[in-house]
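Visitor: Using the sequences provided together with the hints, build the complete structure.
Those protein sequences? They're chains F and V, same order as listed. Heads up, the first sequence is in my numbering, so the first residue is 1 and it goes up one at a time. Heads up, the second sequence is in my numbering, so the first residue is 1 and it goes up one at a time.
No lab work stands behind these hints: they were computed from the structure. Values in this document were obtained by computation on a predicted structure and should not be read as measured data. All C-beta atoms, glycine included, are put in the ideal place defined by N, C-alpha and C. Take these hints with a grain of salt, some might be off.
[Said to hold, decoys possible] Beta-carbon label-pair distances, calculated as ranges:
no., chain 1, residue 1, chain 2, residue 2, range
1, V, K271, F, A14, 16 to 26 Å
2, V, R275, F, D120, 48 to 58 Å
3, F, R350, V, K125, 32 to 42 Å
4, V, E274, F, I209, 31 to 41 Å
5, V, N257, F, R350, 48 to 58 Å
6, V, P463, F, I209, 45 to 55 Å
7, F, E25, V, G294, 30 to 40 Å
8, F, R200, V, E416, 43 to 53 Å
[As the list claims (entries may be wrong)] Calculated cross-link-like contacts (lysine to aspartate or glutamate; reagent style EDC-like; alpha-carbon spacing at most 20 Å):
no., chain 1, residue 1, chain 2, residue 2
9, V, K38, F, E338
10, F, K279, V, D169
11, F, K178, V, E291
12, V, K37, F, E435
13, F, K157, F, E185
Listed below are the residues making up each chain.
Protein chains: 2
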Amino acid sequence: MFESAELGHEVDKATWKKEQPILREDLLTAQFELLEKKAFPVVILIAGVDGAGKGETVNVLNAWMDPRLIESHALEAPSDEDQRHPPLWRFWRVLPPRGQIGILFGSWYTMPILDRVLRDVDGPKLDQAIDRINRFERMLVDEGVLLLKFWFHLSKKAQKKRLKKLEKDPKTRWRVTKQDWERFEHYDEFVDVCAHVLRRTNQGHAPWIVVEGRDERYRHLTVGKTILGALRRRLDLPEEAIAAPGVLPPAPVSDRNVIATLDLSMRLSEKDYERRLEKLQGRLNALSRDERFGRAGVVAVFEGNDAAGKGGAIRRVTAALDARHYRVHRIAAPSDEEQDHPYLWRFWRRVPPLGHFAIFDRSWYGRVLVERIEGFAAERDWNRGYGEINDFEAELSEHGLIVVKFWLAISREEQERRFQARQQTGYKRFKLTEEDWRNREQWDDYVRAVSDMVDRTSTEITPWCLVEAEDKLWARIRVLETLCERIEERLESL
Amino acid sequence: MFESAELGHEVDKATWKKEQPILREDLLTAQFELLEKKAFPVVILIAGVDGAGKGETVNVLNAWMDPRLIESHALEAPSDEDQRHPPLWRFWRVLPPRGQIGILFGSWYTMPILDRVLRDVDGPKLDQAIDRINRFERMLVDEGVLLLKFWFHLSKKAQKKRLKKLEKDPKTRWRVTKQDWERFEHYDEFVDVCAHVLRRTNQGHAPWIVVEGRDERYRHLTVGKTILGALRRRLDLPEEAIAAPGVLPPAPVSDRNVIATLDLSMRLSEKDYERRLEKLQGRLNALSRDERFGRAGVVAVFEGNDAAGKGGAIRRVTAALDARHYRVHRIAAPSDEEQDHPYLWRFWRRVPPLGHFAIFDRSWYGRVLVERIEGFAAERDWNRGYGEINDFEAELSEHGLIVVKFWLAISREEQERRFQARQQTGYKRFKLTEEDWRNREQWDDYVRAVSDMVDRTSTEITPWCLVEAEDKLWARIRVLETLCERIEERLESL
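Guide: Right, dumping it as structure tokens:
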């Protein structure tokens, strides 16, 4: 992996003097074109051996490019806010929008590598992390991100020499920390682990570019030219030339599906309802105040047919909670900032800290429902959504959050009745739009999309709960009951 | 202040049963209207004596209203991220956009009051805080926020009784903390300080509504009705019926102004420039790594005529810095999320943590420059901008951030030359737009607006540095020099 980066590459002064100004102008041109077209986001990871000149090269890049269109983020120790969220959260926070460049020192690679080298984490666990990284990067690239991963390498001898040299000069002494020397002690182990990680995460759409760190001019030119090449290639690419289509969910050849087989005749009497509601709300309230809940948290997703009673069900949940501990997110059209980021960005923004509830009234499943049906997302995009969503929910779940997903189902006839009723009465008319009537016409498309969604995203860790919602009372009780059960199950394991 | 709130107000069950459903429906209607019109942001502060039922009433409000259109935030101890930013930063972070309601438990009042009662902060200091609060709230209201401030009161006897009762019931015991009893010990002092604060911050545009906390039904109805009344009043108000115009800056009656009196003949030879640049960049680099800089930070504003060389000057600054410690913000048109908040929101989002540089390429001064000249902001809005900006910068400055503001001035002739040159060469053509040519036609308007801006916002803590930028080299040195001096000055005081 690192062989070519221990050969003592050098660039002489004359070459540098000749090439640097041209490279610089070309980079600027590419950068302005990127911005003007709002073409795509660029993420540059800078990783590698300590003392290999990562900071210097980034400073040079910033000097070459327009610093207004580039942001560098040093992601060192996570803040307390970071720690209350899943590990990927802090990277999502600094993800650049389309047209901009983000440079990350320290990335999603840092912790898995250090955990393996310095802490007690075993090989299989590292490979799990690698797998997650690969899926995450695949998603970024599919979402249009240009991802460049640079690895700055130094041989053991060269690293020692370099650290000593930095330490000797009073001007650079501050850059060598005790930690650097500690890590140097583990050089061989470190390089072994890194070689493994690099090999397993080196993919066509996001390859590692290993750069020998010894010679400054060589390093700067290599990085600069690689970035320029990648930018130009993407900028010059015709829009259509992207990604081959995947395999679609099978077309239904039978009338049976998870929605059609629901028994919508389930009912609950007013009396039963009141009794059970009170009990369940008490139970939920107690769970939310359980000391262990501080190490958990809930992400509850409410999807369902229009007028299926999502709002009413949500209110029965929130009524049991302290207003300080939940937040309800109504998901409608994305804002323009959200549109300039990969689609999951707007949900990552809303991931709750541990100990809290986030309730989503519609959610990321819009990707495989409305966006699929209305054609807002291209086929290849919504089709990869299933896997991306599973990965996203796995991240939440592994961090301790309990992901509970409800589909509230009503019949076409019941929907018509509810629409009519809404039109008549007071504040409810606000809830009914032209769009609702339009959606109705696509009833069959929705049935199919929902059925595909359940098949592909109901997993062992985040199953769908299909709720027969023809009777509102029945539906609310089912929601509360499921929520309580899922929380209890998790708290018992803590 | 609290007399009326110790009278033992009560609402009987029958009244409650009759009024509650009507209030509820009216609130929902108002809330949907608010959302549909994206009318204005609503901020509800909940403050007052411990045990006076703040949490309960907020939960009831959430149950009454649509929880999807309302967010409650408990602002307790600041996180480490909060602490690295000015105190107001965390409130800006949770400010609702237009059409939404935000409920804040704990607010900008909490710390000043506790500091006075429990810590060693004296009266004049409290009054300073009060003054800042008044100015902040005035700005929010002027920006269209509907601000409702509720104070929940209990007499000393009632508080004691209430805390004991809560403690006795195992279901509510968790709500009484040691801190509550500690604060109870200071009841008299606490109420005295609060009365003072309430009196001084009780204003027509943002009055305090003092609510007796003893009786639940009374409390809920009072708060609910107040909110409904305020919402309806604002929703039914015709757009035009807002705020009387203020006093504009005087029209110029002489040709002399701060811009016209600049000596644009200042020049620097290439040789002098190189020598001084290197020295200044070294000095700035050393300052940025000074141990004391971790308790400071820089907010640098670059404004100037189009083509005055802002970008070039910024690059000479960033070249001296480590890329991990600065961020450059190019300020263009606001995003739609930004447009749904008070205009300073988008700058608060970008306030750097201590120890960092934030460099603004154009800034909040757009309010009194382009927005004034193009008529993007109404006269009454840009005219109050001067004071609001001074307050904003004072917040930054008091937190330790060094605010440095540059106006880069060139002559009209020089601008024409630079525009022509840009049109010819390579990547620079990206920098020239139709708008630039249009702006040129308003040269005189800009001179006047800049002169007013300097007169009104060059303060003792955040003075403007007017830079003669006809010669780029001269301008860059002047910028670097000023920046170094301002930082040194601050670090010496630390």
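Visitor: Does each hint hold? Answer for all of them.
Guide: Going down the list of hints, with the structure as the test:
1. K271(V) to A14(F): 16 to 26 Å: 24 Å, holds
2. R275(V) to D120(F): 48 to 58 Å: 56 Å, holds
3. R350(F) to K125(V): 32 to 42 Å: Taking Cβ atoms as reference, R350(F) and K125(V) lie about 38 Å apart, which means the hint holds.
4. E274(V) to I209(F): 31 to 41 Å: The hint (31 to 41 Å, Cβ to Cβ) holds, given that E274(V) and I209(F) are roughly 34 Å apart.
5. N257(V) to R350(F): 48 to 58 Å: 49 Å Cβ-Cβ, so the 48 to 58 Å window holds.
6. P463(V) to I209(F): 45 to 55 Å: Holds, at about 47 Å.
7. E25(F) to G294(V): 30 to 40 Å: 37 Å, holds
8. R200(F) to E416(V): 43 to 53 Å: 58 Å, violated
9. K38(V) to E338(F): 19 Å, holds
10. K279(F) to D169(V): 18 Å, holds
11. K178(F) to E291(V): The given pair, whose Cα atoms are some 18 Å apart, holds under the 20 Å limit.
12. K37(V) to E435(F): Holds - the C-alpha atoms of E435(F) and K37(V) are around 18 Å apart, at most 20 Å.
13. K157(F) to E185(F): The given pair, whose Cα atoms are some 12 Å apart, holds under the 20 Å limit.
Hint violations for this structure: number 8 only, all remaining hints satisfied.
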